[in-house]
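> So the protein lines, in turn, are chains A and B. Here our numbering runs 17 ahead of the position in the first sequence, where the first position is 1. Here our numbering runs 59 ahead of the position in the second sequence, where the first position is 1.
Hints should not be assumed to be uniformly reliable.
To be verified - For lysine to any residue, the following SDA-like pairs were computed, each having C-alpha atoms within a straight-line distance of at most 25 Å:
1. A:171 with B:272
2. B:722 with B:667
3. A:231 with B:482
To be verified - Reference listing, derived: stretches of chain B covered by chain A, where coverage requires no fewer than 3 residues with Cβ under 8 Å from a Cβ of chain A:
4. 437-443
5. 464-473
6. 525-537
Note that these hints are calculated values from the structure, not bench results. Glycine residues also receive a C-beta, built at the ideal position from the N, C-alpha and C atoms.
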Amino acid sequence: MKAKVAFFDFTSCEGCQLDVLNLTGEELLDLLGAIEIVNFREAISNRSDDYDIAFIEGSISREAEIPRLQKIRAQAKVLVALGACACIGGVNCLKNHLPMEQALKMVYGDAAKYYDTIPARPINAVVPVDFYVRGCPIQTGELVKVVKALLLGKKPDIPNYPVCTECKMAGNICVFEFGKTCLGPVTRAGCNAICVTGGRQCWGCRGLVDEPNKNSEEEILKKHGLTPEQVVEKFKIYNTYAEVKK
Amino acid sequence: MKGNSVLIVDDEAIVRESIRDWLADAGYDVATAETAEEALETIAKRDFSVMVLDIRLPGQTGLSILKEVKAQRPWIKSIIITAYPSEETTKEATRLGAIDYMVKPLAPDDLEHLIRETIESVGKEPTVITPPKAPGKPAAKAIEIKKSVVVSKQSFKSLVNNLIKITDVYGVKAKRGKYVYDSISSANELALNYDVTVLPPTAYLFPPRETILKFKLGDGSKSEPVTNNTPRAIIGVHPYDIKAIEMLDEAFITTNPDPNYIARRQNSLIIGVDNLNPSPKSFAPSMGTHTAENGFDLMLTDLGTKYMVTIGSKKGADLLRKYAQISQPTADDIAKQKAVLDEAQAKYQLHLDVPRERLPKLLEDSYDDAYWQSRSETCLSCGSCVMVCPTCFCFDVQDDVALNLKEGQRTRQWDGCMLVDFAKVATGENFRHDKASRFRHRIYRKGKYVIERYGRMGCVGCGRCAIACLAEIASPLEAFNAIAESVRAKQAAQRILREARPESELYAPRPAQLVRVEQLAAKEKVFEMKFLDGKELGHQPGQFVSVSILGIGESPFGVATSPTRTGSFEFAVRNVGSVTNAIHNLQKGAVVGIRGPFGNGFNVKALEGKDILFIAGGIGLFPVRSLIQYVMDRRKQFGRAIVLFGARTPAERLFVDELAAWKNNPDLEFYETVDRGTPDWTGNVGVITTLIPKVQIDPRKTMAIVVGPPIMYRFVIVELKKKDLPDENIIMSLERRMKCGVGKCGHCQINGVYVCQEGPVFSLAQLRNLREAV
Ligand SMILES: Cc1cc2nc3c(=O)[nH]c(=O)nc-3n(C[C@H](O)[C@H](O)[C@H](O)COP(=O)(O)OP(=O)(O)OC[C@H]3O[C@@H](n4cnc5c(N)ncnc54)[C@H](O)[C@@H]3O)c2cc1C
Ligand code: SF4
Ligand code: SF4
Ligand code: SF4
Ligand code: SF4
Ligand code: SF4
Ligand code: FES
Numbered sequence: 018m019k020a021k022v023a024f025f026d027f028t029s030c031e032g033c034q035l036d037v038l039n040l041t042g043e044e045l046l047d048l049l050g051a052i053e054i055v056n057f058r059e060a061i062s063n064r065s066d067d068y069d070i071a072f073i074e075g076s077i078s079r080e081a082e083i084p085r086l087q088k089i090r091a092q093a094k095v096l097v098a099l100g101a102c103a104c105i106g107g108v109n110c111l112k113n114h115l116p117m118e119q120a121l122k123m124v125y126g127d128a129a130k131y132y133d134t135i136p137a138r139p140i141n142a143v144v145p146v147d148f149y150v151r152g153c154p155i156q157t158g159e160l161v162k163v164v165k166a167l168l169l170g171k172k173p174d175i176p177n178y179p180v181c182t183e184c185k186m187a188g189n190i191c192v193f194e195f196g197k198t199c200l201g202p203v204t205r206a207g208c209n210a211i212c213v214t215g216g217r218q219c220w221g222c223r224g225l226v227d228e229p230n231k232n233s234e235e236e237i238l239k240k241h242g243l244t245p246e247q248v249v250e251k252f253k254i255y256n257t258y259a260e261v262k263k
Numbered sequence: 060m061k062g063n064s065v066l067i068v069d070d071e072a073i074v075r076e077s078i079r080d081w082l083a084d085a086g087y088d089v090a091t092a093e094t095a096e097e098a099l100e101t102i103a104k105r106d107f108s109v110m111v112l113d114i115r116l117p118g119q120t121g122l123s124i125l126k127e128v129k130a131q132r133p134w135i136k137s138i139i140i141t142a143y144p145s146e147e148t149t150k151e152a153t154r155l156g157a158i159d160y161m162v163k164p165l166a167p168d169d170l171e172h173l174i175r176e177t178i179e180s181v182g183k184e185p186t187v188i189t190p191p192k193a194p195g196k197p198a199a200k201a202i203e204i205k206k207s208v209v210v211s212k213q214s215f216k217s218l219v220n221n222l223i224k225i226t227d228v229y230g231v232k233a234k235r236g237k238y239v240y241d242s243i244s245s246a247n248e249l250a251l252n253y254d255v256t257v258l259p260p261t262a263y264l265f266p267p268r269e270t271i272l273k274f275k276l277g278d279g280s281k282s283e284p285v286t287n288n289t290p291r292a293i294i295g296v297h298p299y300d301i302k303a304i305e306m307l308d309e310a311f312i313t314t315n316p317d318p319n320y321i322a323r324r325q326n327s328l329i330i331g332v333d334n335l336n337p338s339p340k341s342f343a344p345s346m347g348t349h350t351a352e353n354g355f356d357l358m359l360t361d362l363g364t365k366y367m368v369t370i371g372s373k374k375g376a377d378l379l380r381k382y383a384q385i386s387q388p389t390a391d392d393i394a395k396q397k398a399v400l401d402e403a404q405a406k407y408q409l410h411l412d413v414p415r416e417r418l419p420k421l422l423e424d425s426y427d428d429a430y431w432q433s434r435s436e437t438c439l440s441c442g443s444c445v446m447v448c449p450t451c452f453c454f455d456v457q458d459d460v461a462l463n464l465k466e467g468q469r470t471r472q473w474d475g476c477m478l479v480d481f482a483k484v485a486t487g488e489n490f491r492h493d494k495a496s497r498f499r500h501r502i503y504r505k506g507k508y509v510i511e512r513y514g515r516m517g518c519v520g521c522g523r524c525a526i527a528c529l530a531e532i533a534s535p536l537e538a539f540n541a542i543a544e545s546v547r548a549k550q551a552a553q554r555i556l557r558e559a560r561p562e563s564e565l566y567a568p569r570p571a572q573l574v575r576v577e578q579l580a581a582k583e584k585v586f587e588m589k590f591l592d593g594k595e596l597g598h599q600p601g602q603f604v605s606v607s608i609l610g611i612g613e614s615p616f617g618v619a620t621s622p623t624r625t626g627s628f629e630f631a632v633r634n635v636g637s638v639t640n641a642i643h644n645l646q647k648g649a650v651v652g653i654r655g656p657f658g659n660g661f662n663v664k665a666l667e668g669k670d671i672l673f674i675a676g677g678i679g680l681f682p683v684r685s686l687i688q689y690v691m692d693r694r695k696q697f698g699r700a701i702v703l704f705g706a707r708t709p710a711e712r713l714f715v716d717e718l719a720a721w722k723n724n725p726d727l728e729f730y731e732t733v734d735r736g737t738p739d740w741t742g743n744v745g746v747i748t749t750l751i752p753k754v755q756i757d758p759r760k761t762m763a764i765v766v767g768p769p770i771m772y773r774f775v776i777v778e779l780k781k782k783d784l785p786d787e788n789i790i791m792s793l794e795r796r797m798k799c800g801v802g803k804c805g806h807c808q809i810n811g812v813y814v815c816q817e818g819p820v821f822s823l824a825q826l827r828n829l830r831e832a833v
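Full structure from sequences and hints, please.
Given below as structure tokens:
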């Protein structure tokens, strides 16, 4: 019997879900051969509440989202957080630095009074999460890897070492050598350092490793010309929630 | 039969395939055979116009094929190729019908020309084409393993371009101001005068990721090893990387021979180049890896317009024969090679402080050294150091199953001991859970474990890790030297202990008699002392003594009189606690213990010729008084003397008679103030900083002497900075809690500085580096 899979989105751009649809035709067919997608807002309209694996996209930033998420958790045997917003709070948490009312106004303008909003948080701040597919947006290869691991009943091999390791394996010249700065030394690998390979630098979209040496990274950023404020800003982009939590 | 069909018989793939490619490109119909047997089989099946035949073949010789061919297909014209021409074989071959000879290395154009002529001509006389050679010396003898020959850069380029036609070629290229190994499609892309590459060439022998097994799941479940046998040439390998490859050979080949490594290794041709332009982070000479005698097929030394080429293997020799114009090195060439290598060696800036043979022992004795902990504090566990290292070879193994869940592959990928989870076991326990133990493990690998296990240096001194480490802690050289230093220090300490002569007086006070006491203010008294043995204290202004009241304790006090006033000395005491109270209770004639003088005192030499601005707050006047007296007694040696004094209230003013005298002394400019006035006080009211704007000073020649309560310093500094006084010209005396006075007890320490030793007098410039100071 095929595993039944459902996708749900909370506060996010839905960019990660759309990414699932960007799989090449063959991969998608393969994927659908192994699983049955029963609930996927972007792709099919008939909804079903009968599923084994729930993929959750987006962070939690409104009161009403909490019971909805809890219900999904109760139904799903396996719950997977999908994308930076769901895994680490992501860019949505940037609003946490503003007073809530101001944040609402910025997003909804005068309609703000119709919305309640709470500080944005990752899924695991509300319910337990079994697996994470990280990144902003996610990489389909990793999603496929996690699905396969689930089907095989093993833990997916998601690295707990920093992006630098993969960056070196890719043969890149470290961006610090060109006067740029990078969050690779504290960010969890698994993306093959695509941003550096592509000529940019790492912004930390996959979240921090389990034991990041943040002090050392901060010192290094400062030594390479960032002001303490800029250092804080840099960490904030994706890893605000980790900051706030501390 | 096609009129232009050619059969090539040669056992060396590189020759066979290169001739095939040249001729195929030139429009010939080409077939190849590796052995005599195969050649005969092919000839039995089909016809050829020309056969190109190497007469040295494994098994049956080329000559025996000639015989067969003459019998079976006498019209095939045979051209013999050989690297070892001799008159006997030449004769024999012509006897057997060979049309012509060519001596390896072959030039494609010559060969093509000869084949064309052979096909066109009938009954042509045999000619022998050989490359130019030194007179009297047969070409065969000119190329020997371990010998050096000279090749022009142009000829080397053409060798590389020929190599590119027959095999995958990787070489060193420039990339954004750095150097990397990459696949090359023309010799012009090579940048061989480089310092170091980002990743080492060992990545071609042990790649970042490779498949080691393919498997099928389910009923017919089975697995099958996968290796990569693609021939490749790696060009531009520096000697330290060659040594690293030798180390890897040891690890991968000696025990449990690793099929994946061996497949790549045996199919890799290595062309090295001496490093004439070492990276500033490299310490290859200390590891004995700045030159290499083995481990390469060819090794180049850049002599300007040409290379000195050392031949390291038969493969290398063959390559030269086939594709390069070689000549014997002249005496000049040999001298030049030595000169450039010596010059290169002189460029290395980093060196090991101990002989490398001693590293294993040194490390063994330093397992618990504090260095591991302190130096690894900033380690990011980022793995960069182990990823870029040519001698690191740890890996992780992962299974990758296809989505159909029926088949998959097992891959290995680089891993390393600096990564947090490297030594974690399934139960969650991590045998190297802290940064320090991982950091130490890596350095031990580099300087001890690998040497002991494989007999080769585990670090070849390339310096890549030092370049890659953002925390700037990864260089094994630095660790080795630090450990060596620490061991040396330990040994020195033991020597010092053996040879130590204790100073028995260190903690024993000298008896001195109180000859005069005077009340200065409500809680302050001044005490005049004389040593019972009649000796002088022998102090500098700004130094202090430890005054001890046996049974109560000991406390430090600044000496309040100048050493110019001999016969006795004074200190003044504010009564704040036990010792100070006991001192206050002393009667004239009492005997107390004195230790000291301690501390550095004011550097009076440096004050000579300068204008001096004294700023004393409260009992800060006690030590300042000593210097004021000194300046008054040697007035001519100094410029202006300006004294600013502040007390909290008029009643707390100290040495009031002296203050009055200073006020009237034309040699002194004296200003004073009180924080809070009283009805009968007619002078300034306000904190001491309010006096500073009142005085005009020349910041270039003024030294400020500032002593007072801690709070005072910050505000006074602000005011002095407004007068542009440089940090070096602001001199302060710090009060810290003190017990021993001799740099032992640690109470007075500010960051790394002991105030009782290096202080209590500091310039602001010195204090700026001491973050705990103000
Ligand atoms: C280099 C130097 C020069 C000094 N010169 C003078 C001086 O010329 N005249 C003068 O009256 N005082 C001077 N002091 C301060 C004097 O040493 C202390 O006031 C004295 O040690 C207090 O001892 P106590 O037993 O009377 O006080 P305690 O009963 O031990 O303690 C009373 C208070 O004094 C503080 N204190 C105790 N020991 C010290 C200490 N070693 N240093 C600083 N504070 C301490 C305690 O924290 C407590 O607040 C100097 C201190 C230093 C370090
Ligand atoms: S570019 Fe970034 S990820 Fe790559 S090595 Fe440098 S710091 Fe690490
Ligand atoms: S390099 Fe950094 S920012 Fe880019 S995908 Fe990887 S984790 Fe995200
Ligand atoms: S430890 Fe560092 S210096 Fe030594 S071989 Fe490895 S990368 Fe080079
Ligand atoms: S144990 Fe560490 S130092 Fe040794 S080879 Fe492995 S990664 Fe390199
Ligand atoms: S020593 Fe440097 S390069 Fe190595 S893991 Fe630590 S921070 Fe990274
Ligand atoms: S007072 Fe003991 S070390 Fe300075």
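> Indicate, hint by hint, whether the structure satisfies it.
The hints, checked one at a time:
This hinted pair checks out: residue 171 of chain A and residue 272 of chain B have alpha carbons roughly 19 Å apart, not beyond 25 Å. Simply put, residue 722 of chain B and residue 667 of chain B have alpha-carbon atoms about 23 Å apart, close enough for the 25 Å limit, and the pair holds. With a C-alpha separation of about 22 Å, the suggested pair residue 231 of chain A and residue 482 of chain B falls inside the 25 Å cut-off, and the hint holds. Three residues within the 8 Å Cβ limit are the bar, and the segment 437-443 of chain B against chain A gives 7, so the coverage statement holds.
Proximity of the segment 464-473 of chain B to chain A, defined as three or more residues with a beta carbon under 8 Å from a beta carbon of that chain, is established by the 3 residues found. A stretch counts as covered by a chain when three or more of its residues have a beta carbon under 8 Å from one of that chain; for the segment 525-537 of chain B and chain A the count is 3, and the coverage holds.
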